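**Q** Protein sequence lines correspond, in order, to chains H and U. Letter by letter, the first sequence follows residues 1 to 187 of the working numbering. Letter by letter, the second sequence follows residues 1001 to 1219 of the working numbering.
Everything labelled a hint here was simulated from the structure, so no lab data went into it. On a predicted model such as this, the values are computed, not experimentally measured, just so you know. Please note that the accuracy of each hint is not assured.
What the hints assert, rightly or not - Covered stretches of chain U, going by a simulated chain H footprint (3 or more residues, C-beta under 8 Å):
(1) 1102 to 1110
(2) 1131 to 1141
(3) 1156 to 1163
(4) 1176 to 1183
(5) 1188 to 1202
To be verified - For the chain H half of the interface with chain U, some residues (derived, Cβ under 7 Å), not all of them:
(6) Gly97
(7) Ser129
(8) Cys131
(9) Ser152
(10) Glu157
(11) Glu158
(12) Leu160
(13) Glu162
(14) Leu166
(15) Ala176
(16) Leu181
Glycine is no exception: its CB is placed at the ideal position from the N, C-alpha and C atoms.
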Amino acid sequence: MVALVADHGYAAIDVETVCDWADVGPGHFDRCFADVEDCFLSLHDEAVEELCARVDAASEGRTSWHDRIWAAGLAAMRYLQEDGARARFLIAINAAGDCGQERRDRIVRRIADFLDGGRSEVNGKRSVSRCTAEIAAGAVFGTVMTKVESGSIERGEEFLPELIYLATMPYLGSRAAEDELAVQPLR
Amino acid sequence: MAGEKENASPRLPAGRHGLPREFIVQNQRERIVTALVDTVAEHGYNATTVAKITKAAGVSRRTFYEHFADKEACFLAAYEMVTDHIAASMRAAAESFDEWPQQVRAALATMLRFLAGEPELARLCMIEPVAAGGEIAARHRTSMQSLVEILKAGRPEHGGEHPLPEATEEALVGGIVSLIVREISAGRGSELESLLPDLAELTLAPYIGAEEASRLARQ
């Protein structure tokens, strides 16, 4: 399923194609999954949980919000770079109808939860709303999707400082966030 | 408009009506597009079929295929009508201000007001293209460029030490669209205008600084 969706897109996949590729009978498929959507969403949920576990482990123990953001960003980037097919499978969630949309929203909310911790970093009279974290999370998710789609996720280290800049600027302010842009590409 | 097709595009009288062919063709095309909007609003793009569209439009399959190669072509005609209208309205709203930050705020306000007032069209142009995939999703990405161009015009406002990252505008538009899609999906499309201060603040901040963006966005 992962390889098929990565190569052909979710819309092109049916039970027969999956069974042929996996060399199993339709009866075996039916015992495991209700339909193609169920199969796709189950595997997608597993991959997202694995990615989140990786991100949580990387950011655990970091004392500052800023360090947690960097650790999480790097861990997520490396997970996506490890396996190109799995990365393309992950971004296919948009095509999976209302359930896919619900899963996508859940991922964006998890990113927003992470960013929202930056509210304690805001100086001065400004106040930053939860909504800001959700817009910034959508920006991060959309940019990563575009990079995976275009095959440029391999150069993730080059654009990670830009993503961190955009994600932290509402909290740290423009001047402080600009320091992120000076971070050398990570190798 | 969806749900008002009798008013928007009445069926032609049966039989020999003596109407000019050009009028009939245009009337049929509009009826088909209106029927697509209604059908997609009810069933979603993927479950919409040519049969459902022709039934809602009251035209034959043959007439449908005289106007459109397939369901996708019909959807794209409707999509372009809506997005061209939104883009023109945003440009007009922006042009009524001299300063770039106010132009951005006005353009965002116009887009949010339209989407909040037209729930079927909001779904058609913000949610369905992503689910449809293929050519429709690609056209959707291109259409979002109109917002990207409005934002890029603000680059000279940026006074920081480092130039803004190349992907700034695409990322900001991605964030804006993501939030709008989520609100529409959650049934809060009619409240979209309440997002304006937060959307404007985050959008303006890379160019004019977080504090000034916060002040202008909440004026």
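**Q** Each of the hints needs a verdict: does it hold here or not?
**A** Against the structure, the hints come out as follows:
1. 1102 to 1110: Coverage by chain H is violated here, the residue count being 0 at a Cβ distance below 8 Å.
2. 1131 to 1141: Answer holds; 4 residues pass the 8 Å Cβ test.
3. 1156 to 1163: holds (count 3)
4. 1176 to 1183: holds (count 6)
5. 1188 to 1202: holds (count 5)
6. Gly97: holds, 6 Å
7. Ser129: holds, 6 Å
8. Cys131: At about 4 Å, which falls below the 7 Å cut-off, the nearest Cβ of chain U leaves the hint on H:Cys131 intact, so it holds.
9. Ser152: violated, 10 Å
10. Glu157: Cβ of H:Glu157 sits 14 Å from chain U, so the hint is violated.
11. Glu158: violated, 10 Å
12. Leu160: Hint on H:Leu160: violated, closest Cβ of chain U at ~11 Å, above 7 Å.
13. Glu162: Holds. Min distance 4 Å.
14. Leu166: For H:Leu166, the interface hint holds, since the closest Cβ of chain U sits about 5 Å away, which is under 7 Å.
15. Ala176: H:Ala176 check fails; min Cβ-Cβ to chain U is 9 Å, beyond 7 Å.
16. Leu181: holds, 4 Å
Hint violations for this structure: numbers 1, 9, 10, 11, 12, 15, all remaining hints satisfied.
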